[in-house]
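Quick note on the working numbering: the sequence shown kicks off at 1 and runs consecutively.
Simulated from the structure, these hints should not be mistaken for lab results. Do not take every clue at face value.
[Stated by the list, open to error] Derived lysine-lysine pairs resembling PhoX-like cross-links, with alpha carbons at most 20 Å apart:
no. : residue 1 : residue 2
1   : 188       : 547
2   : 34        : 145
3   : 63        : 83
4   : 145       : 128
5   : 239       : 270
6   : 593       : 569
7   : 431       : 379
8   : 593       : 539
9   : 145       : 293
10  : 682       : 639
11  : 540       : 431
12  : 569       : 53
13  : 293       : 540
14  : 540       : 298
15  : 539       : 484
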Amino acid sequence: MIVILAEKPDQARKLASPFPHTKGNGFLSIQSCKEFPNGATVTWAIGHLVELKEPEEYRPEWKKWDLATLPIIPGQFEYKVSKDKAKQFQTVKKLLKEADEIIIATDPAREGENIARLLILMAGCSKKRIKRFWTSSLTENAIRKGFAELKDGKETIHLFHEAQARQIADWLVGMNASRLYTLLLQQKGIRDVFSVGRVQTPVLKLIYDRQKEIEQFRPEPFYELEGQFTVKNGTYRGKLNKRFSSLDELYETVRPDITKEQQTYQAVIKSVRISEKRTPAPKLHSLSTLQSKLNRTKKFSPTKVLELVQSLYEKGYVSYPRTDSQYITEEEYTYLQKHVDQYQQCLGIHVPIRSLQPSKRYVNPEKVSDHYAIIPTEKVPDTKAFETFSSDEKEVYYEILKSALAMFMTDYVYDETVIITSVGKQEFVTKGRTEKEMGWRALYQNEKDEESEGEQVAILPEVKEGESAKADISVKQGMTQPPKPYTQGQLITLMKTAGKYVEDQEMKEALNQVEGLGTEATRAAIIDTLIQRRLIEVKKNQVFVTKKGEILCEAVKGTILSKPEMTAKWELFLQEIGKGNRSKEVFIEQAKKLCYALIQQASQDVERIDAKQALEEIKKENTIAPCPRCQKGYIVDRKTFYGCTEYANGCKQTFPKSILGKNITKTHVKQLCEKGKTNKIKGFKGKKTFDAYLTLQKGEIQFTFQ
């Protein structure tokens, strides 16, 4: 009996779909067919069915958070079945016990390997014959091909060892460092739980550093000299390519050609240079570039992009999403080429195709390891199928389609014109561009071009070298601007390019080699974790460190936990484990040593924090509004409801978190406290759905319909 182990129910259904099959309770039965003469059974995990045990499951005294019990290091790490998934585990275990051969068909990556191997381990079936199904696409053809070309399980076992090493080391660091810093900060009166992690903490520190840079920025005035030039065929503007810190410095530099007293001058066209520029289509998408692009253009969060592209992958319309590659092989190029017309029809756009010959900019087998770039599959949705897509799924699919189609199109071609206009010895520069051939940019006409933003794109008048011009000179005053907070999409790029923030050359190279902090599969989850643990918050897509996050950054400042270097070293080591070149046991021992080192260093790091000021700032940040009942306290989030800080002194003012199926947000509570009334809230669920305002009358919430 063959048992095929999938990661999720949807994936299992997809794997069984090319073959005749029936549905069972927690599994699918594939009937006898060419690929499976004796049939097969497809069953599934529900994500991580098996997880590491909690500290108290090793020793009861580890349940209490106590500095005296640190570091928490079990003699041997043990796993358990997640309580809420126990029923499915029993189904999987029974089937694995009956199997003669197990085919692992979870996602083709480190975590997919981990999910399957832990299930097999917990079922006591590790010694059975194991094969590995490995494909980056879930179309019918790809599934059939994948089952025809199964790998031996021994080829991918090292990925399991890599995943185990990462999982155990992250458990050690997270469990010990979180307790350590929480308890030390609580000793200083800061009553909160602080989450610390190998990857999340260096990412938090990078965001904090940008925030500090913005806070400490002091704007300074600057002055620029501009000219409006009138020639026979029209007018244009130019600028002296230099900024000055004062008017005196400006006029001292340009004297005697230009003076403060005079505005109009005779000028001459010193040079006119017109050069043709060609921009090839962007590279294909990795998960990070797709997340960054859709956050910039659609304001989708990185997690939302991953969920949407995973859904499209499971439906068979796009290739495997958690890829760090932006290249494909000749095989993928060939099927994309065959479907160019269908892809264009799907987009409702018809553009000229340059060439059907592959370019190394996109097609490079040497730069494709386990997974190629995210591209559409040969399964193109017809009108009926497309109607089943959500509007957000359509946006993601369009972007992936465009990136694949752009590869076949001509370059974007434009003439760049640079005019140098002289007033005496002072040279004013004018730049403009004239589009000649839209090429691949015809696919992106509604999007802003980041490269040319701020450039003069208007057509310039025709001028000749040596031609005279009338110059109207003016001074433009401005203020230097601070850097902007990161957006969620920029955070993904920040994690990927963390190497540029490291001074040590060896570590810089290491971070670049592992492509920064986290992996394609984990970066979105890292951002979510920081948000959920109230270390960062997102406002209008921009990311800010909370007061709680700032305290943690100050506490870990200078430690290895705050620096990207440690993650670079760890990821390099993990990659070597995945290749079978290094030992997971050695890696785990290094993590244990780090825990001991942190305990020795942390006390003095926390000592420098000004607890009184930190407490005031946290209190201020966490309050929603002054209490309308007692007038002394403040309304705060109490997790299951909103309540007054003067509760212990008798104030009973509270607000629920939901009313008739509608979430009551902090904004609603603030409006009730400060104005006595909310804006209209739509969708209350009574006997019928209705819209209403909420009002506060004598501390009680009432519905109002006007």
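Going through the hints against the structure:
This hinted pair checks out: residue 188 and residue 547 have alpha carbons roughly 16 Å apart, not beyond 20 Å. Restraint check for residue 34 and residue 145: the C-alpha separation of about 12 Å stays at or below 20 Å, so the hint holds. About 19 Å separates the Cα atoms of residue 63 and residue 83, which keeps this hinted pair within 20 Å; it holds. The suggested pairing of residue 145 with residue 128 is violated, with an alpha-carbon distance near 24 Å, which exceeds 20 Å.
Distance hint between residue 239 and residue 270 is fulfilled; the C-alpha atoms sit about 14 Å from each other, no more than 20 Å. For the proposed pair residue 593 and residue 569, the alpha carbon gap of about 15 Å is at most 20 Å, so the pair holds. With a C-alpha separation of about 46 Å, the suggested pairing of residue 431 with residue 379 is violated against the 20 Å cut-off. For a cut-off of 20 Å, the pair hint linking residue 593 to residue 539 is broken: about 39 Å separates their Cα positions.
Of the pairs offered as hints, the one joining residue 145 and residue 293 is violated, with about 32 Å between alpha carbons and a cut-off of 20 Å exceeded. Between the alpha carbons of residue 682 and residue 639 the distance comes to roughly 24 Å, so the proposed pair goes past 20 Å and is violated. For the proposed pair residue 540 and residue 431, the alpha carbon gap of about 34 Å is over 20 Å, so the pair is violated. For the hint linking residue 569 to residue 53, the alpha-carbon distance of about 27 Å lies beyond 20 Å, and the restraint is violated.
About 16 Å separates the Cα atoms of residue 293 and residue 540, which keeps this hinted pair within 20 Å; it holds. Between residue 540 and residue 298 the CA atoms are separated by roughly 12 Å; this keeps the pair inside 20 Å, and the hint holds. A C-alpha spacing of about 13 Å is found between residue 539 and residue 484, which places the hinted pair at or below 20 Å, so the restraint holds.
Of the numbered hints stated above, those contradicted by the structure are hints 4, 7, 8, 9, 10, 11 and 12, listed in ascending order.
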